[in-house]
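**Q** Residue numbers (my numbering), protein chains in the order written: chain A, 1 to 254; chain B, 1 to 278.
Check before you lean on any hint, since a few could be wrong.
[Claimed, not checked] Below 30 angstroms or equal to it, Euclidean Cα-Cα: the simulated DSSO-like pairs (lysine-lysine) are:
no.	chain 1	residue 1	chain 2	residue 2
1	A	Lys156	B	Lys46
2	B	Lys269	B	Lys33
3	A	Lys156	B	Lys33
Because the hints were derived from the structure by calculation, they are not lab data.
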Amino acid sequence: MTRQRAVTLTRLAWLLGAIAVLEALCRSGMISPLSLIPPSEMAVALGGMLWSGEMTADMIQTFSTVAIALTLSIVIGLVLGVAVHALPRLSRGLDPLLASYYSIPTFVFYPLFVAIFGLNTIPLIVLGMAFGVPAMMMSTMNGLDRIPRVLLRTAKAHHLGRIRTVALIVLPCAVPYLFTGVKLALAYAFIGIIAGEFILASGGLGHAIAYAYDGFDSRTMYALMLFVLGLVTALNMTLHAWEGRLMRRRIGHD
Amino acid sequence: MAVAAISTQDGTPASDPAPHVGLRGVTRVYPGKLAALGPIDLDLVKGEFFSVVGPSGCGKSTLLDVLSGLGRPTAGSVTFEGRPVSGTVPDGVGIVFQEDASFPWLTVHSNIAFGLRRVGIDAAEVERRVDDVLGFMGLRDFANAYPAQLSGGMRQRVCIARTLVMRPRLILLDEPFGALDQQTRLLMGDELLRLWRETNATVLLITHALDEAAMLSDRIGVMSARPGRFLECVPTHWPRERDSRIVSDPAFGHVTARLWSHLRAESLKAIGGTGVGR
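Produce the entire structure from the sequences given, and follow the hints as far as they go.
**A** As C-alpha cells, then:
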C-alpha cells in the first residue's frame with residue numbers, strides 16, 4: 001500500500017467513525033432530534049428530495065449564479081492581475097490594500113447591492129465575486145512574479161513576440177498559481193452566494209435552508225446542508241487531486 | 001585596449017575576409033554610468049570553439065547578451081554572418097543558459113520540439129528532427145518524462161537538445177555546466193565536443209572554469225576585471241578530435257597556467273583583494 005493510499009484510508013476511517021458516533025448519539029437520544037437528526041436520516045431525506053426533484057429549481061439557481069460569479073472572478077481577476085503586474089508602481093501601491101482587503105465584511109454591502117441592482121441574482125453575483133476577484137488577481141500577480149527570468153530570455157531566443165510569450169510561456173508557467181486562484185474563487189463564490197441567498201433572496205439553496213430553518217423543518221434543512229457540504233467537499237477534493245497531479249509533474253525528484 | 005582576437009600567431013586564419021561573428025569596439029554601460037563591458041574587438045571563425053574566461057562580474061554574460069542580440073551594445077557593432085545584430089536574436093543563433101531553462105509543464109519531447117513547432121515546420125519533419133536529437137543526446141528513453149523527473153545534468157541536456165534541434169550555426173553557451181558536479185561536467189564537455197564536431201557550428205562558451213575552457217576550446221579569451229576587455233586570446237592547438245582525456249596532456253597544464261597567470265591579478269582586482277603573497 002502506498003503512503004498516499006494509507007493516508008486516504010486513515011482519513012476516510014476517521015470520517016466514517018465520526019459519522020457513526022454522531023449516528024449513535026442521535027439514535028440513543030443523547031442529542032435531541034429537535035437539534036440534530038441522525039446522519040442516516042439526513043441522507044435518506046436528501047435522496048428523497050433529489051429523487052422527487054423538489055430541489056432542482058434551487059440547485060439550478062445557485063449553481064448558475066456560482067458559475068457566473070466564478071467565471072467573472074477568474075476572467076476579471078486574471079486580466080486585472082496581468083494589467084497591474086505590468087505596472088510595478090501601481091502593483092506596489094495596491095499590495096497593502098489587497099492584503100488588508102479580506103478584513104472587510106463585504107456582506108454588510110449586500111443591502112446596498114440590492115438597492116442598486118434590485119432583488120435579483122446580480123447582487124448575489126457581485127457578492128460571490130467580492131472575494132473571488134481579488135483572490136484570482138493576487139494569485140495571478142504571485143504567479144507572474146515567480147516566472148524565472150531565464151524562461152523569458154528563452155522566449156526571446158525563440159523569437160516569440162509579446163502575445164506568444166504570454167500564451168506559451170507566462171501562462172503555462174503560472175498555472176499552479178492560477179489554479180490556487182481558481183480554487184479560492186470557487187470557495188468564495190459558494191460562500192458569498194449561499195450566504196447571500198440565506199440573508200435576502202427568493203430562491204436558491206441558501207434560501208431553501210433558511211426557509212426550512214424558519215419552518216422548523218429539520219429533515220429538509222439538514223438534507224440541504226449535507227448536500228452543500230458534500231458538493232463543496234467533492235469539488236474541492238477534485239480540484240485538490242488535479243492540482244496534486246499538476247504539481248507532481250513540476251516538483252519531481254532530483 | 002582590447003586585444004584583437006584573431007592573429008596569425010594564434011593559428012587562425014587572420015586573412016579570412018568575413019568572420020562568422022565580429023565585434024568592433026563593443027561597450028555596454030548600464031544606467032548610472034556603470035561600465036560593464038569593453039571596448040571589445042573579437043572575430044570568430046566559422047566552426048571555431050571559443051571560450052571566454054574572466055573574473056566574477058567582468059561582463060562575460062553581458063558579452064553573450066550583446067553578441068546574441070538579447071541586449072544592445074552602448075557603442076560599437078556586432079555582426080553575425082556579415083549582418084548586424086542588435087536587439088533581436090538572429091536566425092541561426094542558439095543559446096543555452098546557465099540556469100535550468102526547460103519548460104516544466106512540457107515533456108522532454110515537447111520541450112525539444114518547442115522551437116520547431118513555432119517556426120511552422122511540418123509535423124513529420126518535427127518528429128524526425130526531435131527523434132534524431134533525442135537519440136544524439138541520449139534522451140530517447142526519457143522522451144515522455146517531465147523535466148522535474150530528471151537530474152540537473154539531464155535537464156541541461158534537454159536545453160542543449162532544444163537548441164541543437166534548431167540546427168544553429170552559432171551556439172552561445174552561458175556557463176551551461178555551472179550547476180553540475182565535476183564528473184558530470186567532464187562528461188557533458190565530451191558531449192559538447194562531439195556535437196560541435198558533428199554540427200560544425202561555431203561555439204562561444206562563457207565559463208568561470210579554467211580547466212573546462214582549456215579542455216574544450218580552440219582559443220580562450222581572457223577578460224579583465226570590469227569593465228571586461230580581452231587581455232589575451234590563448235590558442236590551445238588541440239586536434240579537432242579530442243575529449244576530456246586531454247586533461248592528462250602536459251600541454252593542458254601549460255594552457256591553464258597561462259590562463260591563470262592573467263586571471264589571478266584580475267580576480268584579485270574584482271574582489272578588491274590586495275594580492276598579498278604574489
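**Q** Look at each hint and say if it fits the structure.
**A** Tested hints:
no., hint, verdict
1, Lys156/A with Lys46/B, "24 angstroms, holds"
2, Lys269/B with Lys33/B, "20 angstroms, holds"
3, Lys156/A with Lys33/B, "26 angstroms, holds"
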